[in-house]
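From first to last, the protein sequence lines are chains V and H. Residue numbers for the first sequence follow the numbering used here, so the first one is 9 and each next one is one higher. Residue numbers for the second sequence follow the numbering used here, so the first one is 9 and each next one is one higher.
Warning: the hint list may mix true and false statements.
Copies of the same chain are indistinguishable here, so a pair counts whether it falls within one copy or spans any two.
[As the list claims (entries may be wrong)] Calculated lysine-lysine pairs in the BS3-like style (CA-CA distance at most 27 Å, straight line):
id : residue 1 : residue 2
1  : Lys506    : Lys134
2  : Lys302    : Lys369
3  : Lys219    : Lys269
4  : Lys147    : Lys219
5  : Lys506    : Lys115
6  : Lys92     : Lys35
7  : Lys95     : Lys219
Hint data in this document are derived by calculation from the structure and do not stem from the laboratory.
Number of protein chains: 2
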Amino acid sequence: MLRTHTCGELRITHVGTEVVLAGWVHKTRDKGGMMWIDLRDRYGLTQLKLEEGVTAPEILTAARELGREYVIQARGVVIERISKNDKLATGDVEIQVQAISVLNPAKLPPFLIEDDTDGGDDLRMKYRYLDLRRNAVRKNLELRHQMMQQARAYLDGNGFIEVETPVLIKSTPEGARDFVVPSRMNPGEFYALPQSPQTFKQLLMVSGFDKYFQIVKCFRDEDLRADRQPEFTQIDCELSFISQEDILNTFEGLVKHLFSKVKGLEITDFPRMTYADAMKYYGNDKPDTRFEMKFVELTDLVKGKNFKVFDEAELVVAINAQGCATYTRKQIDELTDFVKRPQLGATGLIYARVEADGTVKSSVDKFFNQDDLQAWATAMAAKPGDLILVLAGNPDKTRKALSELRLEMGERLGLRDKTTYAPLWVLDFPLLEWNEEAQRFFAMHHPFTSPKPEDIELIETNPGAVRANAYDMVINGVEVGGGSIRIYERPLQERMFKLLGFTPEEALAQFGFLLNAFEYGAPPHGGIAFGFDRLCSLFGGADSIRDFIAFPKNNSGRDVMIDAPSPIAQEQLDELQIQLQLKK
Amino acid sequence: MLRTHTCGELRITHVGTEVVLAGWVHKTRDKGGMMWIDLRDRYGLTQLKLEEGVTAPEILTAARELGREYVIQARGVVIERISKNDKLATGDVEIQVQAISVLNPAKLPPFLIEDDTDGGDDLRMKYRYLDLRRNAVRKNLELRHQMMQQARAYLDGNGFIEVETPVLIKSTPEGARDFVVPSRMNPGEFYALPQSPQTFKQLLMVSGFDKYFQIVKCFRDEDLRADRQPEFTQIDCELSFISQEDILNTFEGLVKHLFSKVKGLEITDFPRMTYADAMKYYGNDKPDTRFEMKFVELTDLVKGKNFKVFDEAELVVAINAQGCATYTRKQIDELTDFVKRPQLGATGLIYARVEADGTVKSSVDKFFNQDDLQAWATAMAAKPGDLILVLAGNPDKTRKALSELRLEMGERLGLRDKTTYAPLWVLDFPLLEWNEEAQRFFAMHHPFTSPKPEDIELIETNPGAVRANAYDMVINGVEVGGGSIRIYERPLQERMFKLLGFTPEEALAQFGFLLNAFEYGAPPHGGIAFGFDRLCSLFGGADSIRDFIAFPKNNSGRDVMIDAPSPIAQEQLDELQIQLQLKK
Chain V
9 MLRTHTCGEL
19 RITHVGTEVV
29 LAGWVHKTRD
39 KGGMMWIDLR
49 DRYGLTQLKL
59 EEGVTAPEIL
69 TAARELGREY
79 VIQARGVVIE
89 RISKNDKLAT
99 GDVEIQVQAI
109 SVLNPAKLPP
119 FLIEDDTDGG
129 DDLRMKYRYL
139 DLRRNAVRKN
149 LELRHQMMQQ
159 ARAYLDGNGF
169 IEVETPVLIK
179 STPEGARDFV
189 VPSRMNPGEF
199 YALPQSPQTF
209 KQLLMVSGFD
219 KYFQIVKCFR
229 DEDLRADRQP
239 EFTQIDCELS
249 FISQEDILNT
259 FEGLVKHLFS
269 KVKGLEITDF
279 PRMTYADAMK
289 YYGNDKPDTR
299 FEMKFVELTD
309 LVKGKNFKVF
319 DEAELVVAIN
329 AQGCATYTRK
339 QIDELTDFVK
349 RPQLGATGLI
359 YARVEADGTV
369 KSSVDKFFNQ
379 DDLQAWATAM
389 AAKPGDLILV
399 LAGNPDKTRK
409 ALSELRLEMG
419 ERLGLRDKTT
429 YAPLWVLDFP
439 LLEWNEEAQR
449 FFAMHHPFTS
459 PKPEDIELIE
469 TNPGAVRANA
479 YDMVINGVEV
489 GGGSIRIYER
499 PLQERMFKLL
509 GFTPEEALAQ
519 FGFLLNAFEY
529 GAPPHGGIAF
539 GFDRLCSLFG
549 GADSIRDFIA
559 FPKNNSGRDV
569 MIDAPSPIAQ
579 EQLDELQIQL
589 QLKK
Chain H
9 MLRTHTCGEL
19 RITHVGTEVV
29 LAGWVHKTRD
39 KGGMMWIDLR
49 DRYGLTQLKL
59 EEGVTAPEIL
69 TAARELGREY
79 VIQARGVVIE
89 RISKNDKLAT
99 GDVEIQVQAI
109 SVLNPAKLPP
119 FLIEDDTDGG
129 DDLRMKYRYL
139 DLRRNAVRKN
149 LELRHQMMQQ
159 ARAYLDGNGF
169 IEVETPVLIK
179 STPEGARDFV
189 VPSRMNPGEF
199 YALPQSPQTF
209 KQLLMVSGFD
219 KYFQIVKCFR
229 DEDLRADRQP
239 EFTQIDCELS
249 FISQEDILNT
259 FEGLVKHLFS
269 KVKGLEITDF
279 PRMTYADAMK
289 YYGNDKPDTR
299 FEMKFVELTD
309 LVKGKNFKVF
319 DEAELVVAIN
329 AQGCATYTRK
339 QIDELTDFVK
349 RPQLGATGLI
359 YARVEADGTV
369 KSSVDKFFNQ
379 DDLQAWATAM
389 AAKPGDLILV
399 LAGNPDKTRK
409 ALSELRLEMG
419 ERLGLRDKTT
429 YAPLWVLDFP
439 LLEWNEEAQR
449 FFAMHHPFTS
459 PKPEDIELIE
469 TNPGAVRANA
479 YDMVINGVEV
489 GGGSIRIYER
499 PLQERMFKLL
509 GFTPEEALAQ
519 FGFLLNAFEY
529 GAPPHGGIAF
539 GFDRLCSLFG
549 GADSIRDFIA
559 FPKNNSGRDV
569 MIDAPSPIAQ
579 EQLDELQIQL
589 QLKK
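Based on the sequences and whatever the hints tell you, model everything.
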């Protein structure tokens, strides 16, 4: 090797050793006949020392020409540092340099290779290979590596078998938009890239593989909102001969294992909540349970006092922001603006303060007397110093707005600490959700999710009321994984397809292989998939997944570093027997 | 869980335990009031026992209606078997059944779920989910799983970091044909699926990641010969600050680790051979070194005896098939036909037998006297009983034909035992190969491979003579991996692109990101990629990779199970702003 040690390895015990290091020139200092070079690699920094009168003059001359990010090899002897650096693992020693050679010079990087860089997002993405040199980004990928190894260790250790499923599959109309790949050997036909290995993992269960996993790339051609990627990674799992309880336990185990091995955190509490309760108490199917501030419904309590907003509202619901009675008019106005933003669309925010003496002052004192307001305070368990925030209106919209307000208050109160983790399961999701635009039901999870046995009879009569054997794992308000117990009987799967608007012919054309497979001895089975990018960013304490992906794409789906996608040659199009037909 | 134990788990120590098993009905026997059911899952087989007078009549009745491959759950007590079955891990016990429930019935499978199935290839592929139930195929995937875990354990243990590189990348003209993916968000532009993560792993080296690996899907839109797949898996690795020697040692280590952990075999000998020697002694850059039978060149020895075939040949070369002097006329004719096949195209086969008395009889006795032939025998180290097989003609064609003949003789002599493994490195490949059709040089490995420093001066003057820092790992005549020390300096990379016929503009448009990256401090680096499907099939002792892939495609690139590729909707084409233009 071109080195004897890495730049993170040398300690006081190495003093006297002759070493060869290789790495990047991170910084140089040249002062009073002394020169120091911080040499960097992914393992750390080591200080090289050159000295007039000690180091050969030609080496000093060469060293003085080194620029930032030059790749060099240095030979020398480890010596003890006079002024030690506690912040550096190698800070007790330095290298008395005897030889330096430049392995490759470097132009000045377009931004600083430091934790706090001066590079903007666009520049960092264009020069991603330089951005990846920064500690912050490198550590994210090291974390991701660890997460992968530990996830596999747990699953392998629990009898799961890793099976690779195909990337070139078949386009299906259900779900998000597919990326497609024209087939040259089958002109006029296309492969699709998988949105998930769903049907394949179910077929593996039919095959008897029993416990399957894969850490696998999936693809969705959706308009990219911030923090979505066209290609993303899942930890994908499926098991046979299990109940929902087995799955919850197995994957609580996985996540506890990851927290323990990767973060050194022991997760003891893993509560479960029904979808209905999550919506009722948090207005959200992925509640952030790092803090309480649960919803309290005041609808019945507040009606009949001639306050039109409440009297006409289907739902009146409130949260208690503890200790916020001191909020100024201006702060309350901010909150009002927050809930009135177009994406939330609340018509206004009503508040009530519990004063130090226990009296309650509200923004609707005109309509409610002190007894009324005391009843509010009691319902909200509000104590002196607390601030009650009330929204009213259409239930779905109101819950959504209050959920956002709750998160905002959590943020303001410092209750959403990124180093605290509050995981839970959300259970009993509805099987279907009504789509106004399409005027039909869509599967809330996917068409292969089984209804709860006790709700099956409602499938045709009251589909919206059918609950599914479906579960999401939520951590800190982020859905990190979701899954379901699957349908494994052809007749039920056919009923489901019918409900989703498939004709029998369409169902057969798209999913005939699965319907057929169910007739050849399909075991009861179920599974889960974790959003791996998201899980990594959560473990890394970051909001964005982008810096946990080595080479991400921007919001237009472009890789600005390699400049993809790009036009292809006419001959390629001809071979594929397709041509462009660009709209004006 | 729907079971207390698997079907491979129960032993004599479990006698008396009440158990619940779940699995597939593999076979039933019903005889003289007794009934046995072989219940199967991926862990094994367990015998269930039902008995008139002991088992409840309704259970017996139900059991008699079970068909092959029904999925059932059975409850009962473990009892000792009277006639034990040594061949079965669970063969000491059986289950006295107390209850059976059918979890899912099954239609009669279209072929037998047995090691020796009656299903043809097409049928097995259409019902791959049933084929995967067969022991033989299931074990291949279990082997693959183990290989993956062990490969990662070794690489992780040696400081490699697993990084996922993108699947949606940029089409490049060099190499095989790309699969492309039209971009909806960037109309008229296409992504390409990676033929390998080559440039990304090099950028990771520029980023300082030092030691990278990934077990990754790669894609090539090539006409599929038997045993090629449009999507395949590589163990992909790259290292910085290393010499070729470090790479050879590291990956010898990987393969030794795999043999040891997966097969329980300790590989001690890992020879190295230059490309030149491989071609000279085996006529092949991936020699099967499980047996000797090296080429001996007789060109000089055999000229000038008026035998036109030899006199006019550029190369006369022979192998010694030991002990084959007894070959009959018919057998020799078979070998002659073998080398005269169009794909080999030899004009004929000359042979010489060493008789028991040491005299040599040849098919060209007219031209060569006994002294001449004795000289042949000496050159060939042929002893009484040996058969010398000689080919003559154009060097490349002749070597190729003799290489095939050598393998054929190895096969006939039983020298190619699938449980013996002979790995080696082939080194010092040529950098370039001339392509007659394109009338230019192509990179033999790829355009990023570095020339040997001592040959760099020949790049412009005698490109064909330049040797590369490139190496292949060969096991039993199969190239399982290959790699090179890369170019890491922009000027040399530019020279290389020029040699390959790129204009400077083309080089920039295609690989500008890499050329730029080389200017910002690129370390010396190199790597290797293993064909993982091939490696698994080799470890599994099989010739075909297909049964080591869960859901392979056929020779037309079709997945006949899911029926992909397939036509897509006009709306999908419209959204992508492309249309079909099918040739008649």
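Checklist entry - Are the CA atoms of Lys95 and Lys219 at most 27 Å apart within a copy, between copies, both, or neither? => result between (46 Å within a copy, 26 Å between copies)
Checklist entry - How would you label the pair Lys147, Lys219 (within, between, both, or neither) given a Cα cut-off of 27 Å? => result between (32 Å within a copy, 15 Å between copies)
Next on the checklist: My question is about Lys506 and Lys134: at a cut-off of 27 Å on alpha-carbon distance, are they close within one copy, between copies, both, or neither?
Outcome noted: between (48 Å within a copy, 25 Å between copies)
Item to check | Within, between, both or neither, where Lys92 and Lys35 count as close if Cα-Cα is 27 Å or less | outcome: So Lys92 and Lys35 pass the 27 Å test inside one copy only (17 Å; across, 75 Å).
Item to check | Intra/inter-copy verdict for Lys506 and Lys115 if alpha-carbon distance must be at most 27 Å | outcome: between (63 Å within a copy, 23 Å between copies)
Checklist entry - How do Lys302 and Lys369 come out at 27 Å by Cα distance, when the copy is not named: within, between, both, or neither? => result Within one copy, since 21 Å is at most 27 Å while 100 Å is not.
Checklist entry - Given identical chains, is Lys219 near Lys269, meaning Cα to Cα at most 27 Å, within a copy, between copies, both, or neither? => result Answer is both; intra-copy 23 Å and inter-copy 22 Å each pass.
Every hint from the earlier list agrees with this structure, and none is contradicted.
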